[in-house]
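Could you put together the complete structure from these sequences and hints?
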Amino acid sequence: GLAAVLRHAPAFAEGARRGLTSALSPLLALGFYFRPLNFEIVQFHARLIQATPLSTYAGYFDDLLEHSELDAAGVLSRIPSYILVGERDTVAPVSQSRRLHKIWPGSYLQVLPESGHMPPLDAPGAVSTAIVRLVEEFRGEVSA
2 GLAAVLRHAP AFAEGARRGL TSALSPLLAL GFYFRPLNFE IVQFHARLIQ ATPLSTYAGY
62 FDDLLEHSEL DAAGVLSRIP SYILVGERDT VAPVSQSRRL HKIWPGSYLQ VLPESGHMPP
122 LDAPGAVSTA IVRLVEEFRG EVSA
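Our numbering puts the sequence shown at residues 2 to 145.
Simulated from the structure, these hints should not be mistaken for lab results. Worth double-checking, as some hints may not be accurate.
So the derived label-pair ranges between C-beta atoms look like this [to be verified]:
id: 1; residue 1: Gly141; residue 2: Pro27; range: 15 to 25 Å
id: 2; residue 1: Arg134; residue 2: Arg79; range: 13 to 23 Å
id: 3; residue 1: Glu15; residue 2: Leu66; range: 29 to 39 Å
id: 4; residue 1: Asp72; residue 2: Leu135; range: 16 to 26 Å
Every residue, glycine too, gets a C-beta built ideally from N, C-alpha and C.
Okay, here's the thing in structure tokens:
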């Protein structure tokens, strides 16, 4: 996989990363965002991806292949949560979030209309509201 390419041909891997990410903004705009959005936000997202070292992606992709939230159901059941998913997310689709919601008792699922894979960038109000609600819920439990 990617880790092997990094080990055996690091210069090639880094050159490929730079080449692929140089055209990232238009691809992100087409594939990840579905509501009207300032293109500067898309460019910000692209810069974040471009600044991430290739070794980070290698570790992430390896973990992604073996990781399952379903394995953590017992632990998750004790943690209050909000699951926010973009209605048009093609990376982590609504069906995956519904499945997680089923195994996570006490979780709240909110599907964000016309949102894609990056709700913090394309639906920041909904994300902020969920965080505030979660903090308020936690404060209530602590003071009770």
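Exercise for review: Determine whether the Cβ-Cβ distance between Gly141 and Pro27 falls within the hinted range of 15 to 25 Å.
Suggested key: Cβ of Gly141 to Cβ of Pro27: about 45 Å, so the range 15 to 25 Å is violated.
Point to revise | Range agreement (Cβ of Leu135 with Cβ of Asp72, hint 16 to 26 Å) | key: Holds - the Cβ-Cβ distance for Asp72 and Leu135, about 23 Å, lies within 16 to 26 Å.
Check your understanding: When you take the CB atoms of Glu15 and Leu66, is the distance between them in 29 to 39 Å?
Key -> Check failed, 22 Å falls outside 29 to 39 Å.
Review point. Should the hint that Arg134 and Arg79 are 13 to 23 Å apart at their CB atoms be regarded as holding?
Key: Since the Cβ atoms of Arg134 and Arg79 sit about 18 Å apart, the hinted range of 13 to 23 Å holds.
Violation of the numbered hints given earlier is confined to hints 1 and 3; the remaining hints are satisfied by the structure.
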